[in-house]
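Spelled out from the first residue to the last, the chains are:
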Amino acid sequence: MRQDLAAIQQWVQPDCSILDLGCGDGALLAHLRDKKNVFGYGLEIDQDKILECIKKNVNVIEQDLDCGLANFENNSFDMVIMTQALQAVHYPDKVIDDMLRVGKECIITFPNFGYWRCRLYLMTKGRMPVSKQLPYTWYNTPNIHLCTFKDFEALCYRKHLKILNRTVVDMNYRDGFMMRLFPNLFGEVAVYHVTK
Amino acid sequence: MNTALPNNATQQEGTVGIVQPQIFRCDHPITLQCGKTLPHYELVFETYGKLNAAKSNAVLICHALSGHHHAAGFHGSDDKKPGWWDACIGPGKAIDTNRFFVVSLNNLGGCHGSTGPKSHNPDTGKPYGPDFPIVTVRDWINSQHALMQHLSIPHWAAVVGGSLGGMQAMQWAIDFPDQVRNAVIIAAAPKLSAQNIAFNEVARKAILSDPDFCEGHYYEHDKYPRIGLSLARMLGHITYLSDAAMREKFGRELRDGAKSFDFEVEFQVESYLNYQGEVFSKNFDANTYLLMTRALDYFDPAEEHDHDLSKALARAKARFLVMSFTTDWRFSPERSQEIVEALLAARKHVSYADIECPQGHDSFLLNVPRYTNLFKAYMNSIALDGEH
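Which chain is which? The protein sequence lines are A and B, in order.
Take 35 as the starting number for the first sequence in our numbering and just add one per residue.
Take 73 as the starting number for the second sequence in our numbering and just add one per residue.
It should be emphasised that the hints constitute simulated quantities derived from the structure, not laboratory data.
Be a bit skeptical, because a hint or two may be false.
Claimed, not checked - Subject to a maximum C-alpha distance of 25 Å in a straight line, what follows is the list of computed SDA-like cross-link-like pairs (lysine to any residue):
#1 89(A) / 320(B)
#2 383(B) / 135(A)
#3 90(A) / 354(B)
#4 69(A) / 453(B)
#5 128(A) / 417(B)
#6 420(B) / 214(A)
#7 295(B) / 420(B)
#8 383(B) / 73(A)
#9 383(B) / 65(A)
#10 184(A) / 214(A)
#11 128(A) / 320(B)
#12 90(A) / 383(B)
#13 420(B) / 195(A)
#14 89(A) / 196(B)
#15 89(A) / 126(B)
#16 277(B) / 69(A)
#17 83(A) / 323(B)
#18 69(A) / 389(B)
#19 83(A) / 153(B)
#20 420(B) / 184(A)
#21 383(B) / 107(A)
#22 354(B) / 437(B)
#23 89(A) / 354(B)
#24 70(A) / 100(A)
#25 90(A) / 417(B)
#26 420(B) / 354(B)
#27 153(B) / 320(B)
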């Protein structure tokens, strides 16, 4: 299981309802269904991933996050989750608004662009960082809204969001001492649990 | 008989081979939504695959406007074409007959062997013709339910259909929630739009105004409304194809390569449509066409639930798979999304995919890899369910 997904499950209550935006192959929803008996739907646009969801018996709806969540009612889910998709949507702030409209709580994970390797890459090479985590070049990347841990917190502050939990993990899902002390520098993936 | 076969994705696709239609005669009267009663009726049907010991693997196929019971395989060794949904039904196919026991029938009011306008009216001793009562999707579901009991099937693993067939799958899930485990609704709509009804009306008008229609009693005069029914089919056919598919298939090609400056059939597309209309008018019954289009017009399961489809679907217990096709303009993806939205609001298990495909509404009949792969994956997950 992907590192950030493992971090998420501790915040998910058993038997709750979940909407997973950009659910990928449905691994998280299948896991939460089997372990926590959650009821949920995933939204996805990638055809191959939709097929994988169906194979896992995960409810998946083909829907583009950039077209909004108008087909979901206010407060209709206990939890709305978006893992590693915030940086790829056209209007991240609007998606977050919609997530908090539809869900009582949200979990959002994203690659932290303030990670020291990104900084070092940019500083030493003077070029946009390319890494295992973010393997694209600037002109063909789907990640059009990259941000740092601090950027995200500033957005939460502006929107008056309450941060219930937050953590950063690295690619090996370690949350070491340095990461806790300097999350914006040593955290590779940020994991936020927020509410209105 | 246990249908639990190894879940082998590379299994060869095949045909169900030669199939034999069967007749179910129901001697219990059926009261139709229009208020009229048929004292007894017959339904012609085919089955493919074997019912397992637990009777948990039965799948019902519901046909669309001009469909019938012959969905897969061949009736004889000289048949050139297989059944209408052979792309999706057979060994190793989306609806895998090695796993499922598939039931496919001709609906009440049809013209391929089930009781319909061509049948003998016991009151007059003549064919029913225009006196055959108007049947609705709900009436079909009730008669299909009688067939289900006749076959001793306790519940359907899935009810499956495209277009008008998908509407029947939806109605099944609403009307018999405990007897439908899955509903697969393909290229359908929650109800017809004004535009859809308008197309149906033009088709009906074409038939009704043909002098050979003889107010529906054409059988007695040994005639049939060839021109009217052809026109109806030509019109329908245009709505089944996309603009792009027609351009791709015919472009502006001329049959003889040069303009003849008259009104004879010149463009390839004209020739194609005329041919389709001609063939159809010989093989289909005009009164049935009128009935089927009316059943479409009337379909609106939300009507008796404050026009709220999610309320209508609230009682369903099935899981749903909804699929649409990007170039379908008869029942566009937005129409399928209305169904999905209602299912989401009703908190039903539902998956939805909008399949990129240039062929328009008719895509559901074709072997489009993304479509058939998704369909197959979903059906496989059902089969496993039933075997546990």
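Verification of the supplied hints:
1. 89(A) / 320(B): 34 Å, violated
2. 383(B) / 135(A): 23 Å, holds
3. 90(A) / 354(B): Between residue 90(A) and residue 354(B) the Cα gap is close to 47 Å, so the pair fails against 25 Å, i.e. violated.
4. 69(A) / 453(B): 19 Å, holds
5. 128(A) / 417(B): Cα-Cα ~22 Å, so holds.
6. 420(B) / 214(A): 41 Å, violated
7. 295(B) / 420(B): This hinted pair is violated, its Cα atoms lying about 50 Å apart.
8. 383(B) / 73(A): 20 Å, holds
9. 383(B) / 65(A): 30 Å, violated
10. 184(A) / 214(A): 14 Å, holds
11. 128(A) / 320(B): 40 Å, violated
12. 90(A) / 383(B): Violated: residue 90(A) and residue 383(B) sit about 28 Å apart, past 25 Å.
13. 420(B) / 195(A): 31 Å, violated
14. 89(A) / 196(B): 55 Å, violated
15. 89(A) / 126(B): Judged against 25 Å, a Cα distance of about 24 Å means the pair holds.
16. 277(B) / 69(A): 59 Å, violated
17. 83(A) / 323(B): Distance of about 36 Å is beyond 25 Å: violated.
18. 69(A) / 389(B): 23 Å, holds
19. 83(A) / 153(B): 35 Å, violated
20. 420(B) / 184(A): 39 Å, violated
21. 383(B) / 107(A): 15 Å, holds
22. 354(B) / 437(B): Holds, because 22 Å separates the two Cα atoms, which is no more than 25 Å.
23. 89(A) / 354(B): Measuring from Cα to Cα gives roughly 44 Å; hence the hint is violated.
24. 70(A) / 100(A): At roughly 29 Å apart (the allowed maximum being 25 Å), residue 100(A) and residue 70(A) break the hint.
25. 90(A) / 417(B): Holds. Residue 90(A) to residue 417(B) sits at ~23 Å (cutoff 25 Å).
26. 420(B) / 354(B): It is violated: about 43 Å lies between the C-alpha atoms, which goes past 25 Å.
27. 153(B) / 320(B): 23 Å, holds
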